[in-house]
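Going down the list, the protein sequences come from chains A and B. Numbers in the working numbering are just positions in the first sequence, counted from 1, shifted up by 1251. Numbers in the working numbering are just positions in the second sequence, counted from 1, shifted up by 7.
Calculated from the structure, these hints are not laboratory results. Just so you know, not all the hints are guaranteed correct.
With a cut-off of at most 30 Å between alpha-carbon atoms, the simulated DSS-like pairs for lysine-lysine come out as follows [what the hints assert, rightly or not]:
no. : chain 1 : residue 1 : chain 2 : residue 2
1   : B       : K106      : B       : K383
2   : B       : K383      : B       : K362
3   : B       : K115      : B       : K127
4   : A       : K1641     : B       : K383
5   : B       : K106      : B       : K65
6   : A       : K1683     : B       : K90
7   : A       : K1650     : B       : K99
8   : B       : K194      : B       : K133
9   : A       : K1641     : B       : K115
10  : A       : K1650     : B       : K133
11  : A       : K1650     : B       : K90
12  : B       : K61       : A       : K1348
13  : A       : K1650     : B       : K115
14  : B       : K362      : B       : K133
15  : B       : K162      : A       : K1650
16  : B       : K296      : B       : K380
17  : B       : K178      : B       : K363
Computed footprint of chain A on chain B; a stretch qualifies when at least three of its residues, placed anywhere within it, have a C-beta under 8 Å from a C-beta of chain A [stated by the list, open to error]:
no. : segment
18  : 65-73
19  : 87-98
20  : 107-118
Glycine included, C-beta positions come from ideal geometry on N, C-alpha and C.
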Amino acid sequence: MVFSSMVFLGIFLPIVALVYYLLPRGFRNLWLFVASLVFYAWGEPRYVLIMLFSTVFDYANGRLIGYFDSRGSSDRWRKAVVAFSCVGNLGILFFFKYTDLVIRSIDQISGVGLSALGLALPIGISFYTFQTMSYTIDVYRGLVKPQKNIISFGMYVCLFPQLIAGPIVRYKDVAREVDRRWESETLRQRGIYRFVIGLSKKVLLANQAGEIYQQLQEFSGSDLTAPVAWLSALMYTFQIYFDFSGYSDMAIGLGMFFGFHFPENFDHPYESTSVTEFWRRWHMTLSTWFREYLYIPLGGNRRGAIRQIVNLFIVWALTGLWHGADWNFLLWGLYYFLLLMAEKLFLLKALDKLQGKFRAVSHIYTMFFVISGWVLFSHTDLSEALCWWKMLFSPAGWKTGLGRGLAASGYLWLHSLPFLLILTLGCTALPKRLWKSFLGGEERSYGHLKRSEIALSALLFLLSVIYLVSGSYNPFLYFRF
Amino acid sequence: MKKSYTFLAFMALSAISVSSFLAPVSSYSAMENRYLTTWPSISWDGVLSGTFQKDLEKALSDQFPLRDACVRLSVEGQLSLGKQEINGVYVKGDGSYVKKEINSSLPKDRYLLNLRILSKMAEEEKLPVDLFLVPSAGEAEEERLPSGAPYYDAKVYRDTAVNLFSEKKAKAGKVSLVPVNFSGCNKEHYFYTDHHYNNRGAYECAMAYRSYLGKKSRPYTSYGPKVMADDFRGTLYSKAPWNGAKYDRIVLPELLPEVSVAYSGGSDGHLPGSGAADSLYDLRYLTEKDKYSTYLGGNHGLVSVENLSDDGKGRLLILKDSFANSALPYLIADYHRVDLMDLRYYSGSVKEYIKKERPDRILVYYEMSDFIKEEKASALIR
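Between the sequences and the hints, there should be enough to build the whole structure, so can you do that?
See below:
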């Protein structure tokens, strides 16, 4: 199930919310656990078993480490358990996500005629395996106590708000709230508000940008010119941001509604003035995860420059692959490795000098690489990725785009302009600041909603439902199916 | 209100599903020309395979009582943001529409294949085959497109066919492309809100074909055109409905010879699977959304029309899409019998049919982009 669906909004959420608050506290974790399993099984009835296995597996590992702790056993045993947990989790992840990629690649290189397994990717597996791993590792590190109640632990792993698209909530982020949390009316209101903001980002902005992107992707041959390629890349840039950050907003909002405080995931990343900064503000929980559970254990920057470069290489190769099981994702990760290395070595110093008056230059530099990176990211077919990527810079593509194809480029850009403007403003902090000053300059992330906030959320909700319903509108010219 | 916000939000969410459940079930949408998903019944197999979940999701939006209003509002919203392309159609501020067709969406290789199939068919059947490609709306009336809007280069496709056939007039065993030109006449040839040409367009095309065959052109009024409906909003309107859309008129030529019509296959709407009629028009459609189906009662696998007057000579087989339906009234007087075959609905063997019925001539009559995309042409030579 996805949040931006009629079933979730009209049936699932009202029922889950109503029953949750009718139940006494002692049963609420159980109810969230059950609801989350239904949420997951909705689209993947069989794969829910993998998630349950993952739950039991790390519950047991956590308890085992706790047991060794209480016995005062040697660190060897505890290390063995945590290694076992990592191998198990990564094994599941690898098997379901990457086996086919490996088979296909071996087949392509050797030509022996291996056939792929054709496994469907279990939804959210990249998220929940990372979450359960973080739990066992943190128990091992002594940062959290093992969870004794399997229902509570299951609820944490399967919790539907952040289950399928993050943020990646480490157990230690919510350990206290898993056992005890204070749901309040203000938190509920703030949660609903945040959810509606996220929903409208997804439905009103991301989906619309995605539609234009899809239309442009159909262009090929002489229709495909450099201005078309840029518009397409821009639309994807906006689509992925509003889609992903909208989803995070919805997750965080739902969390608040049920009394949780999830970590933030996006901090207006497209405002960044360096690629380094971009990655501090984009999908923050993933970067944190890789830093804490991979980069620092590998030695981080404490073992000399060469080792640091190697470590960064590993981290970015894996970050790339984490996003998807195809070589373009690996390349996309390494693309950022190169950029970040360049910044670390010299670029950042140069960019620093540009701050102030020439801030815009470093901003354009950052977005240029981010946008062209998304072209690589959005095409799993490498030859296609290369074709679209080359078109961005192709002199011939510019020549046709501004020559024979000028009318078409003009038409496409001109009619997208108002929407582009909204999208651009939407991914800066400006709307929030304007809204704040409209409200009287007062910072309000607590307390009951103001009347204007209620009105805004009602309007956005209404618009979202209108666009959601009309999104399924699909008239046929000829056939009556 | 501040205290009851959560409660109100809860009510708003529940209203989505409750209103859908309570509203009367609708099973067909004339606007969308498709059957709607109704409430699925729950079963273990359905749940495990996921079909129940998918159908429930579809049903929730299909049965949502304010569905049409939502679609309208979202179209208005998109137009107000300057978008002129919605759901694959170009929408202009004056309330007219054109279906979007770009080079990239019209596969050249499919087109070449279809042309070669026609050649092969002509050769095998030893019959003259005329290919008539009705100009697409955006080609015939470029001013109807939003300025600069991408549109396919019809001339390139036309030249391909001309070069391939390179015969002026089809002889037995040969194909030729019938030349057609709208530019001489200063009238609208396409509906504002439908993907078909209007009565005028049908007339011009039929006359182009007749003059290609050496027949004298007849004036438009000699066919007795009569306005039958003036509140038609067609398929393109359905793609992006908004209040500013224009209305079209359905005009039917009335001075026609007496005919007897037999049809079979591909039925929908009023006419059953097979049957007979004594008119080229099914007037019941005039009161419905899908008014273009007045011509021949929509698309059928096979329609055989016999001209009961003694003036018509010979037999013509038309392999066609829906554009031929409204051109037929202008052609029927010339023939003793015309058979119209729609490959999308005809399930029998075309070869067998030709062998049995022995038409004198074959006319392949398609709107150009439809012909380029036709996927069933290979049925002609099987």
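Do the hints match the structure? See the list:
1. About 22 Å separates the Cα atoms of B:K106 and B:K383, which keeps this hinted pair within 30 Å; it holds.
2. Under the criterion of a C-alpha separation no larger than 30 Å, the hint pairing B:K383 with B:K362 is consistent with the structure, at around 20 Å.
3. Between B:K115 and B:K127 the alpha-carbon distance is near 18 Å, which keeps this suggested pair within the 30 Å criterion.
4. Between A:K1641 and B:K383 the CA atoms are separated by roughly 37 Å; this puts the pair beyond 30 Å, and the hint is violated.
5. This hinted pair checks out: B:K106 and B:K65 have alpha carbons roughly 26 Å apart, not beyond 30 Å.
6. This hinted pair checks out: A:K1683 and B:K90 have alpha carbons roughly 26 Å apart, not beyond 30 Å.
7. Annotation: proposed proximity of A:K1650 to B:K99 holds, straight-line Cα distance about 29 Å (limit 30 Å).
8. Between B:K194 and B:K133, the direct Cα distance comes to roughly 39 Å. Violation of the 30 Å bound is thereby established for this hinted pair.
9. A distance of roughly 24 Å separates the Cα atoms of A:K1641 and B:K115; the hinted pair therefore holds under the 30 Å criterion.
10. Between A:K1650 and B:K133, the direct Cα distance comes to roughly 49 Å. Violation of the 30 Å bound is thereby established for this hinted pair.
11. Distance hint between A:K1650 and B:K90 is fulfilled; the C-alpha atoms sit about 26 Å from each other, no more than 30 Å.
12. Proposed proximity of B:K61 and A:K1348 is supported: the alpha carbons are some 24 Å apart, at most 30 Å.
13. Distance check on the hinted pair: A:K1650 and B:K115 sit about 24 Å apart at the alpha-carbon level, within 30 Å; holds.
14. In summary, the hint linking B:K362 to B:K133 is supported, as the alpha carbons are separated by about 11 Å, within the 30 Å threshold.
15. Restraint check: the Cα-Cα separation between B:K162 and A:K1650 comes to about 23 Å, which is no more than 30 Å; the hinted pair holds.
16. Distance restraint check for B:K296 and B:K380: the Cα-Cα separation of roughly 26 Å lies within the 30 Å cut-off, and the hinted pair is therefore satisfied.
17. A distance of roughly 21 Å separates the Cα atoms of B:K178 and B:K363; the hinted pair therefore holds under the 30 Å criterion.
18. Using a Cβ-Cβ cut-off of 8 Å, 6 residues of the segment 65-73 of chain B lie near chain A, which meets the minimum of three, so the contact claim holds.
19. A count of 6 residues in the segment 87-98 of chain B with a Cβ less than 8 Å from any Cβ of chain A is obtained; the coverage claim is therefore met, three being the minimum.
20. Interface restraint, the segment 107-118 of chain B with chain A: holds (4 residues with C-beta to C-beta distance below 8 Å; minimum three).
The structure fails to meet hints 4, 8, 10 from the earlier list, while all remaining hints are met.
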